[in-house]
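Quick mapping for you: the protein sequence lines, in order, are chains A and B. Under the numbering used here, the first residue of the first sequence is numbered 1, with each subsequent residue one higher. Under the numbering used here, the first residue of the second sequence is numbered 1001, with each subsequent residue one higher.
Hints listed in this document are in silico derivations from the structure and should not be mistaken for laboratory results. Do not rely on the hints blindly, as some may be mistaken.
Listed below are the simulated SDA-like cross-link pairs for lysine to any residue, each with C-alpha atoms no more than 25 Å apart in a straight line [to be verified]: (1) B:Lys1040 - A:Cys6; (2) B:Lys1024 - A:Gln17; (3) B:Lys1008 - A:Ser228; (4) A:Lys14 - B:Val1046; (5) A:Lys24 - B:Leu1005; (6) B:Lys1024 - A:Gln246; (7) A:Lys250 - B:Asp1025; (8) A:Lys24 - B:Asp1056; (9) A:Lys24 - B:Asn1018; (10) A:Lys10 - B:Ile1058; (11) A:Lys220 - B:Leu1027; (12) A:Lys2 - B:Lys1008; (13) A:Lys14 - B:Tyr1007; (14) B:Lys1024 - A:Glu196; (15) B:Lys1040 - A:Ile265; (16) A:Lys33 - A:Glu223; (17) B:Lys1008 - A:Asp97; (18) A:Lys14 - B:Asp1044; (19) A:Lys2 - B:Thr1022; (20) A:Lys10 - B:Thr1036; (21) A:Lys14 - B:Pro1034; (22) B:Lys1006 - B:Val1061; (23) B:Lys1024 - A:Leu247; (24) A:Lys24 - B:Thr1022; (25) B:Lys1040 - A:Asn245; (26) B:Lys1040 - A:Ser4; (27) A:Lys5 - B:Lys1006; (28) A:Lys2 - B:Ile1047; (29) A:Lys2 - B:Asp1019; (30) A:Lys2 - B:Met1010; (31) A:Lys43 - A:Ile265; (32) B:Lys1040 - A:Glu249; (33) A:Lys220 - A:Asp117.
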Amino acid sequence: MKCSKCGNPKVIIKREQSGQLLCKDCFIESIEKKVIKTVRKEKLLDKGDKVLVALSGGKDSVTTLEILNSFRKMNVIDICAVTVDEGIDNYRQDGVDIAIRHAKRLGIEHKVVSLKDEYGITLDEIMQRENHKGSCSYCGVFRRTIINKAAREMGATKIATGHNLDDEVQAIMMNYLEGNTDNLTKLGAKTESKAEEFTVKIKPLREIPEREIGIYVVAKELEVHFDSCPYAMQSFRGEVSEVINQLAEKHPTIKYSTLRGYDKIKGILKDGLEKDYAHGRCEKCGEPSANRLCKACSFLEELGCD
Amino acid sequence: MSFILKYKSMEEKRDLPNDDYTIKDLLDDMDLSPQTIVSKQNGDLVIEDTVINDGDEIQLVQIIYGG
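Start from the sequences, fold in the hints, and give me the full structure.
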């Protein structure tokens, strides 16, 4: 068995979707080239952008930072990063420490924002409340709000997240199966909001399978936080992911075809179904909101954290 | 005929059941999905079809977690 590109017998991956065999160097190069291709094809970056990387310290965000840094080295963009500390004992601190070390290694502006400092409550404390709505609901909303705020404070023109091919395909299928056509219009490599307070979000790893990102960080010996969130439970996303992965065993190109199919109909979906809201502002924090309170402030009110 | 297995905090010596025992066979025996694991043989990344040799150090790294 030899690398399909250079003939090196030390093969580290066999790509089921293409039958390609790759050695370490050719694999690393192929991932970096593919991300750069996505950035160019989807016009994710403009010269002079200041990109805020949402850096958890996990494999996806560290890879995003690592590859976007090549554009920084070429003086195309500037990079900064934010890490959200949700306040999860015996889990989050390792990721925060790793994020701090990567930011220091690359010499980029970085801030860590905790839910405790921002809202006076940790996710662990929320989960002790009897009336809680599930960890992922709070985590998603608070994290999004903190990242958007950090982007404004740090003067970022783009927010880069580590969403990979598996994340994106799961989101397409979940929203379709749930009939959530509103969310279905918001996916894609680049999402812009009509509200000017919301910074443009980009997903440079959107075409890279999750497994390949894992292999990339191990091959490049990048320090990442490999662990499972203690609040991760059997979610609908998990069930959808299982079905897609089962299908992918017999049909290895199915994740790419789902993504390509979505990209073809996305324009029509947006034209026909996109809602025009967020003209209003949250009474409490002033963030864009369709209702009296934004989702974060509405959660805080329910939790008695006013 | 044996090899050293490293997985998470575990490190143990395991017997090689046969001459053509692969990492894929090991993952099957441990009930681990090849989709969530990358494997190293004596420090080098390898694919699951790789045959484990006498005296090898096999390290399994879980790269995908649920949730």
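Against the structure, the hints come out as follows:
no. : hint                  : verdict
1   : B:Lys1040 - A:Cys6    : holds (21 Å)
2   : B:Lys1024 - A:Gln17   : holds (19 Å)
3   : B:Lys1008 - A:Ser228  : holds (13 Å)
4   : A:Lys14 - B:Val1046   : holds (10 Å)
5   : A:Lys24 - B:Leu1005   : holds (22 Å)
6   : B:Lys1024 - A:Gln246  : holds (18 Å)
7   : A:Lys250 - B:Asp1025  : holds (20 Å)
8   : A:Lys24 - B:Asp1056   : holds (20 Å)
9   : A:Lys24 - B:Asn1018   : violated (29 Å)
10  : A:Lys10 - B:Ile1058   : holds (16 Å)
11  : A:Lys220 - B:Leu1027  : holds (23 Å)
12  : A:Lys2 - B:Lys1008    : violated (30 Å)
13  : A:Lys14 - B:Tyr1007   : holds (22 Å)
14  : B:Lys1024 - A:Glu196  : violated (51 Å)
15  : B:Lys1040 - A:Ile265  : violated (42 Å)
16  : A:Lys33 - A:Glu223    : holds (21 Å)
17  : B:Lys1008 - A:Asp97   : holds (20 Å)
18  : A:Lys14 - B:Asp1044   : holds (15 Å)
19  : A:Lys2 - B:Thr1022    : holds (18 Å)
20  : A:Lys10 - B:Thr1036   : holds (21 Å)
21  : A:Lys14 - B:Pro1034   : holds (12 Å)
22  : B:Lys1006 - B:Val1061 : holds (9 Å)
23  : B:Lys1024 - A:Leu247  : holds (20 Å)
24  : A:Lys24 - B:Thr1022   : holds (20 Å)
25  : B:Lys1040 - A:Asn245  : holds (24 Å)
26  : B:Lys1040 - A:Ser4    : holds (20 Å)
27  : A:Lys5 - B:Lys1006    : violated (31 Å)
28  : A:Lys2 - B:Ile1047    : holds (12 Å)
29  : A:Lys2 - B:Asp1019    : holds (22 Å)
30  : A:Lys2 - B:Met1010    : violated (32 Å)
31  : A:Lys43 - A:Ile265    : holds (19 Å)
32  : B:Lys1040 - A:Glu249  : holds (23 Å)
33  : A:Lys220 - A:Asp117   : violated (35 Å)
Checked against the numbered hints given earlier, the structure breaks hints 9, 12, 14, 15, 27, 30 and 33 and satisfies all the rest.
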